[in-house]
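Novice: For reference, the chains in residue letters:
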Amino acid sequence: MTDEPRPNEMPTVRGDVSNLKLVSRATYIKEAALKNLFLLCAFMAVAGVALIFLFVGYRGWPIFTEVGLGDFLFGQEWLPTEGLFGILPLFVGSIVVTVGALLLGTPLAVGAAVFLSEIAPPKVRTIVRPAIELLAGVPSVVYGFFGLLILRPVVADLTGGLGFGPLTAWIILAIMIVPTIATLTEDALHSIPEGVREASYAMGATTWQTISRVLLPAAKIGIVDAVILGMGRAIGETMAVLMVVGNAPGFFRGMGAPLSTLTSQIVMDMPYASGMHRTALFGMAIILFLVSMGLVLTVRLLSRLREDVS
Amino acid sequence: MLLLAPLAGCSDNSSSLTRLIVTGSTTILPIAEVAAEDFHAAHPEDDVLVSGVGSSAGIENVSSGTSDIGTASRELKDEELNLGLVDTPIAYDAIAVIVNPQNPVTSLTKAQVKAIFQGQIVNWREVGGPDMAIGLVNRDEASGTREAFAKIVLDKERFDPTAVILPGTGQVRSVVAQEPRAIGYISLGFVSDDVSALAIDGVEPSEATVVNGTYPVQRVLHMFTKGAPEGLAKMYLDFVLSADIQESVVRDAGFIPITAKGAYGD
Amino acid sequence: MRDMKRTTNALALAVFWFAGLTTVFVLGAVILYVFVNGIGHISPEFIFGQPHGVNAEGGIWPMIVSTLYVTGLAMVIVTPIAVLAAVYLAEYAVQGRLVRTIRFAADTLAGVPSIVMGLFGLAFFVEGLGFGFSVLSGAFALSFLMLPIVMRTTEEAIRSVPRYIRWGSYGLGATKWQTVSRIVLPAAMPRIITGLILATGRAVGETAVVIFTMGTMINTPVLPTDPGRSMTVHLYMMAMEGINLPAAFGTALLLMAMILFFNLSARWLLRRNRRMQG
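Residue numbers (this note's numbering), protein chains in the order written: chain A, 1 to 310; chain B, 1001 to 1266; chain C, 2001 to 2278.
Quick caveat, the hints were computed from the structure, so don't treat them as lab data.
No experiment lies behind these values; they were computed from the predicted model shown.
Yeah, the Cβ is synthetic: ideal placement off N, Cα and C, and Gly gets one too.
Ranges of calculated distance between the beta carbons of each label pair, as one might list FRET restraints: (1) C/Gly-2130 / B/Pro-1044: 26 to 36 angstroms; (2) A/Met-276 / B/Asp-1155: 22 to 32 angstroms; (3) A/Pro-121 / C/Arg-2272: 18 to 28 angstroms; (4) B/Gly-1213 / C/Gly-2128: 47 to 57 angstroms.
With these hints in hand, go ahead and build the complete structure from the sequences.
Specialist: So, in structure tokens, the structure goes:
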């Protein structure tokens, strides 16, 4: 998502100019109009981001002016019925859930990517690769449903609670982010020239040595990219988390104790919230928007770093 | 009979003039939905769309005009009194406190229930059960059942903030049915064989104890309109109050007909 | 020394095998679980029937119609814009601040959490523009979600068309637009369609966006201004209400079958195209 390839330029250095001599003025105007129309379409992406920011921001803005940035971001209690709109516990909840899912999911995903790219025999590969892609297509409600019926009772036995809480969410989210991280990591491994591997093997290195000392370090930035994007997916995931996390809007108290996150709290409260409570939910959406934008920006900066290195 | 030809079923949707929108309590959803189907069968030209979004949302929707009827399984709050809503009570209901059938506890006092849901009693041992941590299951804020429970049992004091919060009655029931340490509360209408309803202050929840007023955790289910009901809304409300729906649908859903108290001379 | 090296290697390889196979196993478990529990509930009455009764017995036809309607409409909205945007990026754009901004915006759009998109749809389409809870609001909100996906796959498709084909066209005196519309786009079409199908599959599985834009009412929508309940929202509500689990499994199975169908047909199209190109 960070490569910026060149447009397919025409054979001549200045294609448009050379064309100009051959075509009529009407054709030239038509071509120029079309070009601007396409530009307008491409600009819809920018307009979309701006619209989202403006409209969600417009609805959420009063929370910053009337409740105050400090009381909103760092308030320790989320009790909308009593006028307390502190989202710190929810923010912490989102981070706890995301970090846990990454810790569980990243090794599995990188392992699966290495397996696919370096180890799997072609036959196994033709089964595993599509499977991972399909795993990405399973709707989040289905994962939530699965977590609720299968994982929750198991976690309840493990932790001695009711099975709603971070541990269940970690496992479900880990499953959900594996495809994202695995496919991107595999792309990164693929982009390493074949000669690098050959050189390593020629020096007598085993497969493991080649993977751990040559390939993984070479793909490092690509893997970091993948993990950041997986993080974006995890922090923004809503329905699956909502269904298994327990939704108690307090601070983290253990793997088996219920917790709430920014996303799940929005869905829980939105149907009935009114007034400042509703505003607060839009304020939470702005925070989520900014966080996801920050992650995209980080990936961009990393890729610039990679270009500088190479 | 409900296997309507897909396109034939659509044609009457297209004229939105005769569409009634009913939103609100998930507790009332079964009554409202089945009544809507029967109503549509009786008046094929009219369509009633029902959605369960929680009592508070129902009240919000009807007062803002997003829906024609708002259903609520609780009384109006103080700030909702001046919205110009007109109440049509449609049924009585008891809120049952439920535990897992394996749990030997069968009866609690109202004070014990309050202490449990406030997090002051945290082990079943303290109320005569086995030595096992209590797993609290609470409902979300949108729930009328939660609001009614808070008002009647907790005297509007805070719930234990560490309780699991689930946004649906059925989920509360299935978690309690699976987990021996769990306790929750649901409408009497939803109590099934896989959970056991506790007696409160020695009184079992049932139609008789609700009607004679001895079961303490009971409430009225409401349908609200903005101003006096008229037109299609009035037709639908009259339909819900008809003996047909009251005796079959309301009773089948496990609630108590609104006419019952009159019959017992209360 | 050599033995240890060999043992370490074998151990490491075993771990990677484990990681790869675990992933497949998890997918298999999810699919098998839904399949085994749901297959018994799939019948013509379930697919084409109307829901009724206290426990949502009967069918899920209104949800199927709502789902296909909203994703279909979203695709109609997004396709021309996304494809032309990709044409601009691949054929016309010159590297610079403008293109960088557009790419950054597309990446940002792709990363916006779906719940944020849902609230945006609620604030902008449902309430701001007054579309109400409707298929139209849902489709517009979904099209924002699909835009970056379709843009990206289309751009890749256009770039994969060999350059010499363009040179031939220019050599015959064709203008840029003639070359793009008659030569490049037709050549890239199978891959563009593949991208569209994949984006549609993604939209079919979306919940948080449609729950706040299309609503939760059980209704068979006819006009784009009608409300509806998607299959994902239906599954969510049945799972949380805990009523009629067999029907919830049936819905989940149909939903997965739909998405699987989209994915497999995209894959099939791509493979057929590759073979045709040799």
